[in-house]
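If you read the protein sequences in the order shown, they are chains S and X.
So the first sequence is numbered by full-length UniProt numbering: it starts at 1 and just counts up by one.
So the second sequence is numbered by full-length UniProt numbering: it starts at 1 and just counts up by one.
Since the hints were derived computationally from the structure, they do not count as laboratory data.
It is possible that some hints are incorrect.
One-sided and incomplete, this derived list gives chain X residues near chain S with beta-carbon spacing under 10 angstroms [unchecked claim]:
no., residue
1, Gln26
2, Glu44
3, Val46
4, Phe49
5, Asp52
6, Leu57
7, Gln80
8, Gln107
9, Ala111
10, Thr132
Ideal placement from N, C-alpha and C gives every residue a C-beta, glycine not left out.
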Amino acid sequence: MGLKKQGHHHLVAVRLNEKLGAKRKYTFIHKASLPRIVVLWFVFMCCISYVIYERMDADNEERRKEVLTSMCDQRARMLQDQFSVSVNHVHALAILVSTFHYYKNPSAIDQETFAEYTAQTAFERPLMSGVAYAQRVVYSEREAFERENGWTIRTMEKEPSPVRDEYAPVIFSQETVSYIESLDMMSGEEDRENILRARATGKAVLTSPFRLLGSHHLGVVLTFPVYKSKLPPNPSVEQRIQATAGYLGGAFDVESLVENLLGQLAGNQAIVVNVFDVTNSSDHLIMYGHQYQDGDMSLNRVSMLDFGDPFRKHKMVCRYLQKAPTSWTAITTAFLCFVIGCLVGYMIYGTAAHIIKVQDDFHEMQELKVRAEAADVAKSQFLATVSHEIRTPMNGVLDTNLSSTQRDYAQTAQACGKALITLINEVLDRAKIEAGKLELEAVPFDLRPILDDVLSLFSEKSRHKGLELAVFVSDKVPEIVMGDPGRFRQVVTNLVGNSVKFTERGHIFVQVHLAEHAKAVIDAKAESCLNGGSGVVLSSGSQFKTLSGCESADDRTSWDTFKYLVADEEFRVATEETSQNVTLLITVEDTGIGIPLSAQEQVFTPFMQADSSTSRNYGGTGIGLSISKCLVELMGGQINFISRPQVGSTFSFTAALKRCEKNAIGDMKRLPSDDLPIAFKGLKAIVVDGKPVRAAVTRYHLKRLGILVEVVSSIRMTLAMSSKNGSLRSKNERQPDMILVEKDLWMSGEDGSVNLRLQEWKPNSHTFKSPKMILLATSITGAEFENAKQVGFADTVIMKPLRASMLAACLQQVLETGKKAQQGKDNGSSFLKSLLCGKKILVVDDNRVNRRVAAGALKKFGADVECADSGKAALALLQLPHDFDACFMDIQMPEMDGFEATRLIRRMEMKANEQPMNGGSTAEGREAEWHVPILAMTADVIHATYDECLKCGMDGYVSKPFEEENLYQAVASFFESKLNSEP
Amino acid sequence: MEVGQLQRQFVEHTASMFHEGFLDGQFSQLQQLQDESNPDFVVEVVSLFFQDSERLLNELTRALDQKCVDFKKVDAHVHQLKGSSSSIGAQRVKNSCFNFRNFCEEQNTEACFRCLQLVKQEYLLVKNKLETLFRLEQQILAAGGSIPMME
């Protein structure tokens, strides 16, 4: 046992771990990796921001570059254009000089003319500081030349020129450069080269930049050759040199001129412009700008310049004066992106952290849940095991039938034991429900006899307490419904049991109605009340129109409502009629102590009773209602109650069942007691009862027997009616066959004179068959009984609670002259005897002592007993057709046990039932179907065994060894009706 | 012996059997089952019980003597014995059977053996007592007296 349990625990634990493991896999963010992810995200955002910054900065740079390029190109182009304009003009001057100085004779130009002309056309040469003309003078001509002009040729240093092959003294000069007059241009290095190159090419040539004489600005000198004779079309260098007459030269003061030019343009301050002579590519000579580097070195633009001298190359280099300003937009944008990214990251982090927390919580909850479930399972298992373990010793306890001097103790012990077994069965039920193992059957059954049975269970107790116990099932409730009769019975039993337990006076009333019908009626009534109907006047009297006259908690169940429910008018609910479902409303009303308001909420909690004093006074565990609630909910219904302390409680529950066509019942459990005798059909009865509800109950039971019922409210009226009937007997009005009178009506108001008249009336009646007088009583004393006999109720007294079958049995006795009238309370051996008398019964038990005892006991009651010592033997004896009325079967037998044997017997019967009725003659006098009642004999008193019995097709069980009471109960339900139906 | 004395002895003997727990209510039920139509019912059942029990006890002795005890078989026998003893109301036999079965379940050979001895002892005691009772009954009948009803 201990081992077994450990095993369970272990199993549960393993399952728990598996579950948790499986769950953990689904976690998509792990807690530990979160900080790493955050750092990564941070780095990632840095990168993104940097990239954005770079991109924007590059854009800026590109724009700057474009601006620089365009500015630089513009400047270069302008410089070049202006330069070439000047050059062209110098060219024009050269032609002017050759035309008017050499071709004209005498010369049309002298220094004055030249100076004036050049001064006036200086605007044409904006880049030039001045122009001058030097004549070519060879050494041989020097003296003549000097003489002619009146001055000597001087070198650049203003000294008389030494002897040379050739000279180029300036003869004409613009005023701005007049200081160079008479200077030999060939004496300067650059000028000489220039002159030589110019006369060789015949084109304008430029010197490399140098500091000009007057201004000391950087500048270049442009030299143009002037030829004295016209040149042949393609002249050689020799020819050119020969033809050369002089040189026109001009100085470009590049520095100031470029300055000037740039000053005219916008954006001058922003850029630095340098102009270089790059004829010698290794040594750049600066023409303009500072040699040392300033400005933004990172970005420059080089534009090539063409000043028309193919020998010389120039370029312009531009760069920004200032470094590119830091781009605030880019920085701001990048920063904002970074911030946004960080925020987003933070939000995601927050969410993730939250998710992780929730997930952790969730896992924790799950773990707790699994643990709780495991604990619950363990609890249920424990309950089941413990209950099982209790069972064995309990059997021992219950088996012990002490009969010595300790009988008293023993009986107490037995009673306690039985109560304990009931409790264990309840706990087992509860455990089963909790473990979800309880499954409901769906078999056709008739709930009327079930309710009768429940009532019979409590009849003795209720009689003892003097309670009215009654059941009423509405006509509208279908005869056969599909559902779980066992569980239905259990719920009703529980509710009625509670009511009986807690009620000391008044009544307990079980009603069954169609839920929709009841609802409709109650609604209608409520409406009429609202409309000013007369519903309130009622409670003025001390008597309430309930079953016993006591007030009940739920006044909806009083006669005012009830009469509508009972009314014969056809109530049609379309949905109910057409659909297969039928919802029943079952109410159990009592006039007990009620439930204290404070405890009403906990009524359905297991092990809760109203308060501790309740369990002291009334006993019980309070588990019943919680089981009932579970069962009702399983049946698709709801359970409710209305309770008023010291007034009573009304429990009601609904059950969703299915309709079942009566002819479609193949497999309905055929309890013989289901069939009520039809012998009373068409008889007529008068019920004398002042209380309409109670009368309705009586009527309901009589109607089930097929008896026509008339209700009158007093004996006086009955007499009047009877006498009237007497006189009109010849007509179709019929004499009543019986008159049923309530005891309290007879005892109370109606005085002796009435009794007397009643007495008189009866013998005076000339009817062939005078109506039988029957007294209905809840309890009766011996004296009262004698009195009743004298007054005229000689026929019988029927003890309540009323049950159709019991009523039938009593009426049988009353109406049959041959049989000795028995008193109402004829239970016990005599009744048992009458039930079993003449029945052929098979007893199956492998233990011959048991067999003999059982046989003896049954024989004692007049049964014809046959025995079989094994399941096989029983099977052989029960081969169809046979004439056994019942079979008592031991369960525990070697080879073939009782369950197996029963199963085989049932299969055999089923086969026979399926075959066409070829054996009709042999089955004559029987019901069409073979079904021999089989009762288990068992020493086990546990429900589970009983369930097992029913499962394999048995009809009931008796405990072993036979107890008379037990035997009676089991057998009664089988033979009662049969007995009644037999003549 | 005098009838009255015999009757008194009978009553005392029966009472002591109930008192000492050899018999229980079931035996009285058996007595109630006996009537004119079935005059020897109790004796018949009890002798059936004797025969059965002796057979079962023999078989039990044999079964427990085996080296390898077949507890299922033992249990079945004890169950039989328990059933019949409870049917006639031999309470002490039944109770010792109850213990016996528990030990069978535990497969405790030694305890089973002890139980067997106990059951045998109880059986012999109740047999003795019942035989005495029947003898008294016959003597009373032979002396022309009637059996006093218990209760």
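The hints, checked one at a time:
1. Checking Gln26 of chain X against chain S: minimum C-beta separation of about 5 angstroms stays under 10 angstroms; hint holds.
2. Residue-level restraint check for Glu44 of chain X holds (minimum Cβ-Cβ distance to chain S is 7 angstroms; threshold 10 angstroms).
3. This hint holds: Val46 of chain X has a C-beta 9 angstroms from the nearest C-beta of chain S, less than the 10 angstroms allowed.
4. At its closest, the beta carbon of Phe49 of chain X sits 5 angstroms from a beta carbon of chain S; the interface hint therefore holds under the 10 angstroms criterion.
5. This hint holds: Asp52 of chain X has a C-beta 6 angstroms from the nearest C-beta of chain S, less than the 10 angstroms allowed.
6. The closest approach between the C-beta of Leu57 of chain X and any C-beta of chain S is roughly 14 angstroms, which is over the 10 angstroms cut-off, so the hint fails.
7. Nearest Cβ of chain S to the Cβ of Gln80 of chain X: about 5 angstroms, under the 10 angstroms cut. The hint holds.
8. Contact between Gln107 of chain X and chain S, as hinted, is not supported at the beta carbon level, the nearest pair being about 14 angstroms apart and thus beyond 10 angstroms.
9. Hint on Ala111 of chain X is violated. Least Cβ distance to chain S is approximately 17 angstroms, over the 10 angstroms limit.
10. Interface hint status for Thr132 of chain X: violated, as the beta-carbon distance to the closest one in chain S is roughly 18 angstroms, over 10 angstroms.
When each numbered hint is compared with the structure, violations occur for hints 6, 8, 9 and 10.
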